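Work out the full structure: start from the sequences and follow the hints.
As you go down the protein sequences, you meet chains A and B in turn. When the letters of the first sequence are read in order and numbered with my numbering, they come out as residues 1 to 438. When the letters of the second sequence are read in order and numbered with my numbering, they come out as residues 439 to 876.
Hints were generated in silico from the structure; no laboratory data involved. Note that the coordinates shown come from a computational prediction; the quantities given were computed from them, not determined experimentally. There could be a bad hint or two in this list.
Claimed, not checked - Some chain B residues close to chain A (C-beta under 7 Å, calculated; not the full set):
1) A599
2) F701
3) V851
Claimed, not checked - Taking lysine-lysine and the DSS-like style, the derived pairs with C-alpha atoms no more than 30 Å apart in a straight line are:
4) B/K873 to B/K456
5) B/K483 to A/K7
6) B/K456 to B/K754
7) B/K850 to A/K174
8) B/K612 to A/K412
9) B/K545 to A/K293
10) A/K293 to B/K850
11) A/K412 to B/K850
12) A/K293 to A/K18
13) A/K412 to A/K7
14) A/K45 to B/K445
15) B/K445 to B/K850
16) A/K316 to A/K18
17) B/K731 to A/K435
18) B/K545 to A/K348
19) B/K754 to B/K786
20) B/K545 to B/K786
21) A/K107 to B/K545
22) A/K45 to B/K456
23) B/K731 to A/K107
24) B/K850 to B/K873
25) B/K754 to B/K445
26) A/K107 to B/K612
27) A/K18 to B/K445
28) B/K545 to A/K412
As the list claims (entries may be wrong) - Non-contacting residues of chain B with respect to chain A, defined by C-beta distances greater than 12 Å in every case (computed):
29) S448
30) D468
31) N495
32) D520
33) P567
Where is the CB? At the ideal position from N, CA and C, for every residue including glycine.
Protein chains: 2
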Amino acid sequence: MTIQIRKLDSGEAGFNNKLTALLAFEASTDEAIEGAVARILHDVKARGDAAVVEYTNRFDRRNEAGMAGFDIPQSELQAALDSLPAAQREALQVAAQRIRSFHERQKQELQGFSYTEPDGTVLGQRITPLDRVGIYVPGGKAAYPSSVLMNAIPAQVAGVAEIIMVVPAPDGVKNQMVLAAAAIAGVTRVITIGGAQAVGALAYGTDTIQAVDKIVGPGNAYVAAAKRRVFGTVGIDMIAGPSEILVLCDGTTDPDWVAMDLFSQAEHDELAQAIMLCPDAAYIARVEESIHKLLPTMPRHETIRTSMTDRGALVKVRDMDEACEIANAIAAEHLEISAENPQQWADKIRHAGAMFLGRFSSESLGDYCCGPNHVLPTSRTARFSSPLGVYDFQKRSSVIFVSEAGAQTLGKVAAELAYGEGLQAHARSAELRLKQQP
Amino acid sequence: MTIQIRKLDSGEAGFNNKLTALLAFEASTDEAIEGAVARILHDVKARGDAAVVEYTNRFDRRNEAGMAGFDIPQSELQAALDSLPAAQREALQVAAQRIRSFHERQKQELQGFSYTEPDGTVLGQRITPLDRVGIYVPGGKAAYPSSVLMNAIPAQVAGVAEIIMVVPAPDGVKNQMVLAAAAIAGVTRVITIGGAQAVGALAYGTDTIQAVDKIVGPGNAYVAAAKRRVFGTVGIDMIAGPSEILVLCDGTTDPDWVAMDLFSQAEHDELAQAIMLCPDAAYIARVEESIHKLLPTMPRHETIRTSMTDRGALVKVRDMDEACEIANAIAAEHLEISAENPQQWADKIRHAGAMFLGRFSSESLGDYCCGPNHVLPTSRTARFSSPLGVYDFQKRSSVIFVSEAGAQTLGKVAAELAYGEGLQAHARSAELRLKQQP
Chain A
1 MTIQIRKLDS GEAGFNNKLT ALLAFEASTD EAIEGAVARI LHDVKARGDA AVVEYTNRFD
61 RRNEAGMAGF DIPQSELQAA LDSLPAAQRE ALQVAAQRIR SFHERQKQEL QGFSYTEPDG
121 TVLGQRITPL DRVGIYVPGG KAAYPSSVLM NAIPAQVAGV AEIIMVVPAP DGVKNQMVLA
181 AAAIAGVTRV ITIGGAQAVG ALAYGTDTIQ AVDKIVGPGN AYVAAAKRRV FGTVGIDMIA
241 GPSEILVLCD GTTDPDWVAM DLFSQAEHDE LAQAIMLCPD AAYIARVEES IHKLLPTMPR
301 HETIRTSMTD RGALVKVRDM DEACEIANAI AAEHLEISAE NPQQWADKIR HAGAMFLGRF
361 SSESLGDYCC GPNHVLPTSR TARFSSPLGV YDFQKRSSVI FVSEAGAQTL GKVAAELAYG
421 EGLQAHARSA ELRLKQQP
Chain B
439 MTIQIRKLDS GEAGFNNKLT ALLAFEASTD EAIEGAVARI LHDVKARGDA AVVEYTNRFD
499 RRNEAGMAGF DIPQSELQAA LDSLPAAQRE ALQVAAQRIR SFHERQKQEL QGFSYTEPDG
559 TVLGQRITPL DRVGIYVPGG KAAYPSSVLM NAIPAQVAGV AEIIMVVPAP DGVKNQMVLA
619 AAAIAGVTRV ITIGGAQAVG ALAYGTDTIQ AVDKIVGPGN AYVAAAKRRV FGTVGIDMIA
679 GPSEILVLCD GTTDPDWVAM DLFSQAEHDE LAQAIMLCPD AAYIARVEES IHKLLPTMPR
739 HETIRTSMTD RGALVKVRDM DEACEIANAI AAEHLEISAE NPQQWADKIR HAGAMFLGRF
799 SSESLGDYCC GPNHVLPTSR TARFSSPLGV YDFQKRSSVI FVSEAGAQTL GKVAAELAYG
859 EGLQAHARSA ELRLKQQP
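Here's what the structure looks like:
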């Protein structure tokens, strides 16, 4: 079992082009998938429950006469939780409590505001939760209970009244840990449907499912295509690309730790990306040795080898300052700063989904139970977007309460600008409120 | 000049279906536009500046040899500001100052946080501005200086270092008020390019334009299609639908005022929507009279008549409580509560882009100079999205700094869950940090 890892040096000619090529990832659009999803959505919109039942029976090899057969009662969720081994149940509960605690801070931060001007005019911003959200949870091999916690708890903390989880159950098989997580996270309804038909049912509503305001959560290419298409009718979260880790290391961390951190990203799938930046060539060689040594011990070594070979890299940099510059260009989903006094380097980072500081902060701790969300911006989108959070389940409304005195001064300004833009009704609407009609 | 306005009554049979039909608006996708935009974007990505120059010369009837010819120097922006009539210049400056002041409050509200747990683990959330944004400003008839202020000032307040405005100048004609607004709003560069080619240049970058992180601002169907396509490479704001106003009136406001408020929305374009809800049938008749009386005085009466006839409505409701319920279902972009003691009704509203309370708060004051943003969620998207704000030009990064002691407790929880999900490298990565190796 051998593994060839790309090694780059920031001092070599053409380094920037090589790095750009390494990072390049373009989600391909599959016309067959697009067409199928368009048809399914159209059908669900037109025929509602009947279409959802048909597609689910066909794609998931189910045999239900109506929608009721796909619902999982709350008692079954609780039973799933009770049935878990104690250690697993407690781990889920500790994780949920910590995630809730972090997200409560987000809620506290965003309270809205209101202020009164000298003339009595009141201006403000009000924060309110969404009424109803849908959470998509994949079935099968990528069924992750941690993902249920990370998507549902922020919605619950935001104050969303109805949290509807859809999770396909191919052949009727359900994941007990996923159901247990739903019980802990305060999901209000669980329906075992999936694919584009589930996205359509949530977005448009049916006789048995009320339309939601937003759909979040990961899914396969059909689910991603369906979410893109219903965007606008409902809100959606980001369409996630492959997961990435970037490790900035000063060469003082046990190389086995760094190697395993790279593996923990690479084991997700063959498109995952694991990159280390380090100024110490000798240390890079030691990490490479650790990779060769540890790879055979990994059950998912096939995936790790493919992803590390195709998309991984060990990069020799000039110094840690340059490593920070490169990290800002990469804008990684997960950024580990595995170094002495990591804060000095964190202060130089402008773009990252989540930063893990110090050698004890392995990404895997954050993936499960530190508290911050593990749904993070991928593919350089951390330049302009944020981790999933309570704020994704809230929205703002502006509040404007102009006093009679305020209308006198503001009205003249508004009318002047409205006439300048050729919008006379705007101008007249402002002028009608003036005591002295112009 | 006559106008037929739809009148509905919430007590009549089929009211809900009529309301749904009235609100229905689906942005059509034009395959010819989609194809043209895909080709232009591909070309700009491949050939950069050369393609932008060619398209701009062709579509805008310009004749420039290179990109430099499209740039407007800062001195020309300042000259445009100086050249405005004093009243117009001062109105722009007052509006800008008020917009800045409101948006500073948004910035103050979002400061990030950090907290230390008993074992020394530090968790937090950091707020940073985007590096570089593009602002699209339409040329021609829809060139609105107020839109420049509303899009650029939040970016400036957020701390965005580079604000690049693109505004087409067909036949070389520039709008002085738009350039003056750019000077006031702190735009760092103005380029007279537009259409899909401008969106492509901003998203992908060229030799003379550095790629931005986000593109905001309104545009025609080509611009909207281009923004949708580059989403993911860069962030974008919402694709706006037609503008809407919903007036909740208790029947105590001068009917001319309400009629003119409805006109101020209807004059935007033929797809704009203006609806009033009122429990007082006699008052509704008075507003209708005002509409007939005032329409002929409006320079844009053609647009107003079409939009009010096709998409407007005067709705008799049972009482103001029912009006609030209906308003929540409509989730209007602009909601005027033109009533005595409007706060009692505002407290019942869950979904609205901006709320205008009391009879002096005409929407037009908010459009120009109250301070809150006039870029608001349309087409019922206020259920899940917010006015444009400083937060659209900032993003969050999670910060996780686990202590050695923290890694002992968190590591066991993470490993338990990771093994449960079949992700062994995640588990091992956590376990390697334990003092007592399992």
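Here is how each hint holds up against the structure:
Annotation: B/A599 was flagged as interfacial toward chain A, and the flag is violated, the nearest CB pair being 10 Å apart, outside 7 Å. The beta carbon of B/F701 comes within 4 Å of a beta carbon in chain A, closer than 7 Å, and the hint placing it at the interface holds. A hinted interface residue such as B/V851 counts as satisfied when its beta carbon comes closer than 7 Å to some beta carbon of chain A; here the least separation is about 5 Å, so the hint holds. Proximity of B/K873 to B/K456 is assessed by CA-CA distance (about 68 Å); at most 30 Å being required, the pair is judged violated.
Distance restraint check for B/K483 and A/K7: the Cα-Cα separation of roughly 29 Å lies within the 30 Å cut-off, and the hinted pair is therefore satisfied. Distance check on the hinted pair: B/K456 and B/K754 sit about 13 Å apart at the alpha-carbon level, within 30 Å; holds. At roughly 26 Å between alpha-carbon atoms, B/K850 and A/K174 fall within 30 Å of each other, so this suggested pair holds. Taking the CA atoms of B/K612 and A/K412, the gap is near 26 Å; set against the 30 Å cutoff, the hint holds.
The straight-line distance between the Cα atoms of B/K545 and A/K293 is roughly 50 Å, outside the 30 Å bound, and the hint therefore fails. A C-alpha spacing of about 24 Å is found between A/K293 and B/K850, which places the hinted pair at or below 30 Å, so the restraint holds. For the suggested pair A/K412 and B/K850, the alpha carbons sit about 66 Å apart, so the restraint of at most 30 Å is broken. Between A/K293 and A/K18, the direct Cα distance comes to roughly 27 Å. Compliance with the 30 Å bound is thereby established for this hinted pair.
Straight-line distance between C-alpha atoms of A/K412 and A/K7 comes to about 66 Å, which puts the hinted pair past the 30 Å bound. Taking the CA atoms of A/K45 and B/K445, the gap is about 29 Å. The hint holds against a cut of 30 Å. A C-alpha spacing of about 66 Å is found between B/K445 and B/K850, which places the hinted pair above 30 Å, so the restraint is violated. For the hint pairing A/K316 with A/K18, the CA-to-CA distance comes to about 13 Å; that is within 30 Å, so the pair holds.
Distance hint between B/K731 and A/K435 is fulfilled; the C-alpha atoms sit about 21 Å from each other, no more than 30 Å. At most 30 Å may separate the alpha-carbon atoms for a hinted pair to count; B/K545 and A/K348 meet this at roughly 21 Å. For the hint linking B/K754 to B/K786, the alpha-carbon distance of about 19 Å falls within 30 Å, and the restraint holds. Straight-line distance between C-alpha atoms of B/K545 and B/K786 comes to about 27 Å, which keeps the hinted pair within the 30 Å bound.
The suggested pairing of A/K107 with B/K545 holds, with an alpha-carbon distance near 16 Å, which does not exceed 30 Å. Using a Cα cut-off of 30 Å, the hinted pair A/K45 and B/K456 holds, with the two alpha carbons roughly 19 Å apart. Pair hint B/K731 plus A/K107 does not hold up; C-alpha atoms about 50 Å apart against a cutoff of 30 Å. Of the supplied pair hints, the one linking B/K850 and B/K873 holds, its CA atoms being roughly 11 Å apart against a limit of 30 Å.
Between B/K754 and B/K445 the CA atoms are separated by roughly 8 Å; this keeps the pair inside 30 Å, and the hint holds. Straight-line distance between C-alpha atoms of A/K107 and B/K612 comes to about 45 Å, which puts the hinted pair past the 30 Å bound. A threshold of 30 Å between alpha carbons decides the hint, and for A/K18 with B/K445 the separation of about 65 Å lies outside it, so the pair is violated. Among the hinted pairs, B/K545 with A/K412 is consistent with the structure: their alpha-carbon atoms are about 28 Å apart, no more than 30 Å.
Its beta-carbon lying about 21 Å from the closest one in chain A, B/S448 satisfies the requirement of being farther than 12 Å from that chain. Every Cβ of chain A is farther than 12 Å from the Cβ of B/D468; the closest lies at roughly 16 Å, confirming the non-interface assignment. For B/N495, the non-interface assignment is confirmed: its Cβ lies about 28 Å from the closest Cβ of chain A, beyond the 12 Å cut-off. Every Cβ of chain A is farther than 12 Å from the Cβ of B/D520; the closest lies at roughly 16 Å, confirming the non-interface assignment.
Look at B/P567: its CB is around 9 Å from the nearest CB on chain A, not clear of 12 Å, so calling it non-interface is violated.
Hints 1, 4, 9, 11, 13, 15, 23, 26, 27, 33 from the list above are not met by this structure, while the remaining hints are.
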